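K.L.:
Sequence:
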Amino acid sequence: MDHYEILFIVPGAVSDEKAPETIDKVKKLFGDLGGQITKEENWGRKNLAYKIGQETQGTYVLMVFDIEPKQIEEINKRMRLSREILRHLIVKARIKTAEEIEQEKTVAAKIQAKKKDVVKKELAEAEKEEAEKVQPVPLKPIEEEKPVVKEQTKEEEKISMEDLDKKLDELLSDELE
5 MDHYEILFIV PGAVSDEKAP ETIDKVKKLF GDLGGQITKE ENWGRKNLAY
55 KIGQETQGTY VLMVFDIEPK QIEEINKRMR LSREILRHLI VKARIKTAEE
105 IEQEKTVAAK IQAKKKDVVK KELAEAEKEE AEKVQPVPLK PIEEEKPVVK
155 EQTKEEEKIS MEDLDKKLDE LLSDELE
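Positions 5 to 181 (my numbering) are the ones given, in order, by the sequence shown.
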């Protein structure tokens, strides 16, 4: 038996409740042909890079399995004819040793640790910048100018009103003459 991976897309027209039924049919297909599924990952519903038929979304599923090489042709044929599968791709995979798996885990842990350090540094820098922006600038007290108010007496106002009336009368009389 050889080791293979298949990635297939269940059309977006199939509801999220019915997608597991389609996945179970694919599992049954492998079982009927003498295959054994070793790993299954449901990547969920995603947008397609381009339209396939009328579909713009699909549920991506990855399966790793062992099967006889002569059965691959039959799997391809049945997957191609199935209306419940939008697209599929089968590739021959290499079986990873325990050392390789452990090495991948340590590398992933190192990458995760570096990401955390970078995020911490970025947060510290952002907080520092915020603190610099928030520091109050000392303000000089503004001296208010008090407007000089002339106190006018009522008599002055009356006189001025009388003067204005006289001037208006003079102007009007000049215009009429």
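FYI, nobody ran anything at the bench for these hints, they're computed from the structure.
Some hints here could point you the wrong way.
Derived pair list, reagent style DSS-like, types lysine-lysine, alpha-carbon separation capped at 25 Å [said to hold, decoys possible]:
| id | residue 1 | residue 2 |
| --- | --- | --- |
| 1 | K81 | K55 |
| 2 | K22 | K55 |
| 3 | K125 | K114 |
| 4 | K29 | K81 |
| 5 | K125 | K29 |
| 6 | K120 | K43 |
| 7 | K114 | K96 |
| 8 | K109 | K120 |
| 9 | K100 | K31 |
| 10 | K32 | K74 |
Quick list of simulated restraints, FRET-style, between CB atoms [claimed, not checked]:
| id | residue 1 | residue 2 | range |
| --- | --- | --- | --- |
| 11 | D28 | A130 | 18 to 28 Å |
| 12 | K137 | R87 | 33 to 43 Å |
| 13 | E103 | D36 | 28 to 38 Å |
| 14 | A130 | R84 | 26 to 36 Å |
| 15 | E106 | N46 | 48 to 58 Å |
| 16 | L66 | M5 | 17 to 27 Å |
| 17 | L37 | A113 | 37 to 47 Å |
| 18 | E103 | A130 | 39 to 49 Å |
| 19 | L85 | E108 | 32 to 42 Å |
| 20 | S86 | K124 | 44 to 54 Å |
| 21 | A113 | K137 | 32 to 42 Å |
| 22 | V123 | K74 | 33 to 43 Å |
Since we're looking at a predicted model, the values are computed, not measured.
Ideal Cβ placement from N, Cα and C applies to all residues, glycine included.
K.L.:
The structure should be examined with respect to each hint, and the outcome stated for every one.
P.N.:
Now the hints, each set against the structure:
1. K81 <-> K55: holds, 23 Å
2. K22 <-> K55: holds, 21 Å
3. K125 <-> K114: holds, 17 Å
4. K29 <-> K81: holds, 15 Å
5. K125 <-> K29: violated, 49 Å
6. K120 <-> K43: Violated, at about 29 Å.
7. K114 <-> K96: Violated - the C-alpha atoms of K96 and K114 are around 29 Å apart, more than 25 Å.
8. K109 <-> K120: holds, 16 Å
9. K100 <-> K31: Distance of about 22 Å is within 25 Å: holds.
10. K32 <-> K74: holds, 18 Å
11. D28 <-> A130: 18 to 28 Å: violated, 48 Å
12. K137 <-> R87: 33 to 43 Å: violated, 59 Å
13. E103 <-> D36: 28 to 38 Å: Holds - the Cβ-Cβ distance for E103 and D36, about 35 Å, lies within 28 to 38 Å.
14. A130 <-> R84: 26 to 36 Å: The hinted range 26 to 36 Å is violated for A130 and R84, with Cβ atoms some 52 Å apart.
15. E106 <-> N46: 48 to 58 Å: The hint (48 to 58 Å, Cβ to Cβ) is violated, given that E106 and N46 are roughly 26 Å apart.
16. L66 <-> M5: 17 to 27 Å: holds, 19 Å
17. L37 <-> A113: 37 to 47 Å: Since the Cβ atoms of L37 and A113 sit about 38 Å apart, the hinted range of 37 to 47 Å holds.
18. E103 <-> A130: 39 to 49 Å: holds, 41 Å
19. L85 <-> E108: 32 to 42 Å: holds, 36 Å
20. S86 <-> K124: 44 to 54 Å: For S86 and K124 the Cβ distance comes to about 49 Å; the hint holds.
21. A113 <-> K137: 32 to 42 Å: holds, 36 Å
22. V123 <-> K74: 33 to 43 Å: For K74 against V123, whose Cβ atoms are near 50 Å apart, the range 33 to 43 Å is violated.
Hint violations for this structure: numbers 5, 6, 7, 11, 12, 14, 15 and 22, all remaining hints satisfied.
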